[in-house]
Structure formats: structure tokens, C-alpha cells
Amino acid sequence: MHTILQVLSFYGTTMMIPVVFAGVAWGIIGGALPGISPSITMALLIPFTYTMSPTLAIVLLASTYVGAEYGGSVPAILINTPGTNSAAATTLDGYQMKLQGRAAEAIGISLYSGVIGSFVGIAIVVLLTQPLARMALLFTPPAYFSLGILGLSVIASLSGGSVLKALIAGVLGLMIATIGTDPISGVSRFTFGMSDLLSGIKPILIMVGLFAVSELFLQSSGAAWVKAEEGASRVRFPNARMRRRLIRPQFIGSVIGAFEGIMPGAGGTIAAFLAYNEAHRWSRHKDEFGKGSPEGVAAPETANGTVACTTLIPMLSFGIPGSNSSAVLLGGMLIHGLIPGPQLLQESPRVILGLYSGMAIAPVVLVILGVVMLPLCIWMVNRPQHYLMAFIYALIVSGVYSVDQSLFDVGIVLAAGLVGFAMRLFAMPFLPMVLGLVLGYMVESSFRRSLVLSGDDYHIFLQDPISLAFLGLAAIFVGGALLAPLLKLLWPKTTQTRSVSDGAAKNGEL
Amino acid sequence: MLRKCLVSVALALALCGPPAVAQEAYPVKVVKLLTHSSPGSGSDIFLRNLSNYLGPIMHVSFVVENITGGGGAKAVAALAKSPPDGSVFYATTPTYVFTSLLSHPEHTYKDVEPLVNVFTDQEVIFTRADSPFKTLADVMKTAKESRGKWGASTPGSLERQALERLKKAAGVNAAVVTHDGGGDLLIDVLNGTVDIGVGEYGELKPQLDGGKVRVLAVFSANRLDAAPDIPTVKESGYDVVVRKFRGLAGPKGLPDNVIKAWEDGIQKVLQDPGYKKEYTSDVLTPDYIGHDDYVAFVNQFGSDTEAFFKETGVIK
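Residue numbers (my numbering), protein chains in the order written: chain R, 73 to 582; chain E, 47 to 362.
Wrong hints could be hidden among the right ones.
With the C-beta cut set under 10 Å, the calculated list includes, among others, these residues of chain E facing chain R [to be verified]:
| hint | residue |
| --- | --- |
| 1 | Thr-200 |
| 2 | Ala-353 |
| 3 | Phe-355 |
What the hints contain is simulated information worked out from the structure, not anything from laboratory work. Where is the CB? At the ideal position from N, CA and C, for every residue including glycine.
Put together the whole structure using the sequences plus the hints.
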């Protein structure tokens, strides 16, 4: 009862509801623009959250994510170009439906399914985050070290691409994490006498550079996208019969979305393709798939909606970002002095409750804005690319500068953009680098703190039960990734469906 | 945004008419107070509370500006480059001395002038409520017999210095485990990873009220008014006293009338009943140090800290 009153007080006394509207609206716009992923959309907002209260700031970012996951499906359906990576699966049947003149229906199904997915996702977040994080007090320095190692081991299991490239990216991230004041002794490292570097490089600057700036560099060298035809500027929601038919793919989508969201490193793109595959497998209308099946739109969009929420679980309860978007959210929390992980739920329960309250109304807002903003999305998709790019570029530079009035930070973002551009050219994934960057500090400081505690006895990592469990899991992750090629030989059929999603995921992560 | 509006309203009010005072007016109408801490944390709250009560006393408008980053080096640099006309000051804490020593920035604590001290934060030794340690003597017994584990916050913190000095004074070989901050340390104290921790009494208040931790000793020279039953470290037999100061500094070459105005203003504001109520609830102890003594105090603190850093191998 008390909790309910607190939630209501959030709605009544704070800017919560307007903030959710702003976040979802911005998310839909960012998601609808091809090339602007949810993580970029969120990264662009970060500087504006600086003066907000921490609760509103993370609510804004989380609702942006929810909006972006839906926004991405609009160009996927209308011009066969996914606005976000995870909407790639939606193009398969969504565009077919559009060709049959059922664009309004496809967008309606996408919106309806996204909202269902979000609700399921939020319920799972509320149910699982607290119990997981209640273990906070059990976490000793060796356990934190092993948790960090578990997070880093995700690099090995990231699907698609070369493990070598992922490792290089991961090490780059770890290297950047060592800049600044030594966590145990207090000595300055790699600061070259620059006081700007004393407190290290803020992960968010690197992320904005990697995701957003490098994307701009890339876009400026590419061709413009196809124009969307006018005409489908309103949404048609599915009728009762269709809603019944969609229950099955939506169930599949939300289960897969929940699972993939909780598993660090999996992310929305894989979830969407898996959901599409499974919805196909279990459908009564298999033949319609690929030719404009409503179920083919509903399953991936439900999965996307669910992942957008459940990806918060590993981030909130352990501080491990499972996707680019949750890494940006984590960066946004860090600049407000909130350190995601077991401690957060103990120290700032109000912030978490606020986040839940904000997310609970995000799907409702999504329904409203999804309908209202569709014409705007179509208009945006049709603007000449160079104007958009110039606008976003100005937004990034002024936004980053406004946080600390520091040109040094702007320089770091631009440098990170160049690094990101080079990494794109070499097809190196970004997530390992972000993981290294975010987890490097925790791994190092906990490792050395444990050794100070134990008097340089390395057994401390095996004596702590939680630490041992995490190290074991990490070993399974790494071992599993090494065994995967072997499994592919044994089950060629699964490999085929899997490789579709792998390929998409690989591009998705970029 | 709201803050900016309030500032401009205050500014407008201040410019409306000259205050009706007999004494010599402060040379400037608007004073900028810099801090390296971000909005809502330590020094920022200190400055904002102070300016609320000091504004009417000194008849000036205060504007708090947060210059974060570089562990205070940026804010100190901004201060050092400002004109010494009484229009810009900076909130001092041990941090600005530590940063000066650790990272050798272009402008150090020696390039600015300590003005006056206002408060001391009380550093205490605490342990978890259900721990076997009832007194500081119990802690020392464990440290002598086996190997004590003592937790401090960041490596360059005053808390770490306090523990290293205590370790030396007691002649024990306890492991002094540094953390990323107070919250981090608290978890390790609560789950028993470390025997004791050192922290500010005011910051521990929620845990104390919740019965989660127990305070064993205080590092101040005298017992705390808020907790008169807790012995000091010194009376427990270890000659260690720690003073976490909170005051102000200005650019070098401050005119005498400015210094005088601040000395009077701070002494007056510490007597203000409204302010008194506010800082008592934050468990801040008023610790006024006049300008001349404060310069000597900060310089002494600087050289002590430098010696400590060299001894522990943090700097060469």
C-alpha cells in the first residue's frame, strides 16, 4: 500500500509523466531514423539529463529506449529499412504487408505487440531485480572481481564476428579504464600531467563517440535512403480475431525477449530473430511467413518491447550492461553518482521505485504517441540526410560541452568517434570495448583489494562461494563459445536458423 | 533552471537599493563561490546552505558555481586566475590539498590563499552492529594476534591517512584496504569483510539510527556533543587526531577589508539560530579559524600530508 502511494506521489508531484512523454517521443523519432540506433538516441539525450534529478534522468532514458524500439519498426515496414537493428526481423513480413496495402495494419500490430512486450518486460524487471540485488551484502571484493570477469566473459560468447576482434576491442576498453587515479594506492596513471584525466575518462564520452559520432562519419560517406511513400499515415489496431491469433506469437516473443534480455550480451536483435523463427515454427499459418504474416510482425516486436525492459535486470542488479543501450543508460546513471549494482537498490530504493513507476506508464504513453506521431515519423524519414546529420552533429557537440563546459570532453568524444569509425571499417564490435571500459575498473580494483585483504593469497577467489560460482559460470561461457563450432557440425539444421540471426546480430551490434 | 531564476531574482533584489548599513560595505555586490563537488554533494550543500544565511549578514548575493573534474584541480585553477578583489572564493576540503600533491597540477593549493575555516567533519571508527569488536582495544587485540583488516575510503583520503597513522601509533600490521568511496566501504564493513571502517559521523547517521553500525572511537580532539559516550582515539591511548576541515580560500593577495568582512561574517553566521539548527542536524561541528591561523593550518596540513604520501609510497 505504501509503495502504491509512493508511486502515485511520483506521478502527482514530480515531472514524471511529462518526462515519460518526452522520452517516448524522442525515442520514436530516433528509432524511426535509419542509422540512429536506440543507444545513439539515448546517448544524445544524456547531456540534457544532467540538471534533472537522478530518478527523472533514468526514467527519461529508459522511456526513450521503449519508444525507440517501436520507432524502429516504422521505416522497417514502410521502406524495408530497419530504423533500429532489432527491427531488422520486422522487415521480413512487415514490408510484405505494406506491399499488400496493409501498412496501417502492420504498424498497428507492431505498436500493439510492442506495448504488450513492454508490460511483460516491466513485470519481470520488478519481480526479479530486487531478489537478485538483495544479495548485495553477500558481495565481497573477490565476488565483485569474479562478477566483473563473468561480465567480460560475455565477449567470448557474443555471437557472430571474430573472437579475436572482439578481444582486441575488449582490451582497448580495459586500457582506457586504467587511465586516472590508481584505485588502491592513489598514484596517477597515464594522465600525462593533465588534470582533466585525473578522475579517468567518463565511459559515456567514449560511448557517444563510438556509437553516435562514428555513425555520422559513416553516414556522411554513404548514400541516402529510399523515400517512404505518403499514405500510411494512420495506425490501424488489430481487431478481436486478430488479437486472439497474435497471442501465441506474442507469448513466444515475450518469453524469448525476457530470456535474452536477462542474458548479458544477447541483446534485442538476436531476440527478435529468435522470436521470428520460433513464431514461424509454432504457427498455424506457416505459409504466410515471409509473405506478410501479421504474426511475423508481432513476434519480433513483442520480443523487442520485452528486451527493452529486461535488459535492465543485469544492469540494475549487477552493473553489467547487456546491450549497447543499457550501457548508455548505465553511463547516464554514473554521471548522477548512481552506481548500478547490488548496492544501488539498498542505497537508493527511491530511484529504483521511480524508475519502475516511470516504466510502468511508458507503454501507455507509447500507445498514445505511437498513433499521434506517425505522420511526423514519415516526414522525418523523408528529410534530406545531410541536414539531419548536421543537426545531430551540433546536438552531440553542444550536448557534451554543456555537461562540464569542457572542450577536453568534446575532444575525447571526437577522438572516440575516429576510433569507432576505424573499428567499423575493421568490423570490430563495440560492445566488448564498452564492457572493458565499464567493468575494467571494477575488475582491477576488486582484484587488488582482495589481495590486500588476503595478504597476497590468490585462494581468496576460490574460497568465496559467490566468487567461485561466478568464475565457474564464466568458464562455462568461454568454454561454450569454444564448443559452439563443434555443435554446429552435429546439428546442421539449428545452425541454419541460428546463422540468420547471427548475421543480423553482427550487423546489429555495429 | 530554477536555480538560475532564483539567482537572478536575488541579483535583482540586491541591485535594487544599497543596504542600509553603517559599517563599511563589502567591495563587491555579487560573490561567486566555487566548488569542485557536483550539485547536491558535500561542498555544494555546504556552500548553498552557507550563502542562504550569510547573504543577509554580509549584504552580498552569493552565486554557487560547480567546477567539477580533475579532483578539484580545475576549480583551484579557476580560483588562482581570478582577481583578488573579494568576488571569488572556493570551498576548501582536504581534497584540494591531496590533488595538488598527487597530480602536480599547474595551480596547487600553494597558489591560492586560505581565507577562514568554518566547520570540521567528525571522522569516526565504526564497525557492524553484530561484530565481536566492542571497543578499539578489541580491534587492536585482533590486529596484534592475527592480522587486522581495516577499511578506508579512497586511497588519497583523509580516512586512509587516519588509519595509517593509527596503525603506526599502535605498532600493528593491519591491512588498510582502500575503497572507491564511503558507500563501497560501508558494504564491506556490514558484511564483515573488514573489521572496522573510518567515515564521517554525519554520513553514518542513517546506519546508526537504523542500528546497523556501532561507533567505537572518534578521531576528534574532544568527544562529540552528539555522542558523548564514545571515547576519542587519543584517550584510548593512540596519539592520532584528525581534523577534516571545511572552509574557504581566495586568490592570492586578498585585501584586508575583505578578509575582515569574512572573519566577522562567518563568526556571526555560526551564531545564527536558523543556521545552527541546520548544521547541527548535519552533525557538522563549527570550527572557526581566523585568516592568519588558517593559512598556517593549511600549510601545516599540506606538509604533513606530503610527508605521509612519501612515507606510504604514493608519491616520490
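Against the structure, the hints:
1. Thr-200: It holds, given that the least Cβ distance between E/Thr-200 and chain R is near 7 Å, below 10 Å.
2. Ala-353: 15 Å, violated
3. Phe-355: 8 Å, holds
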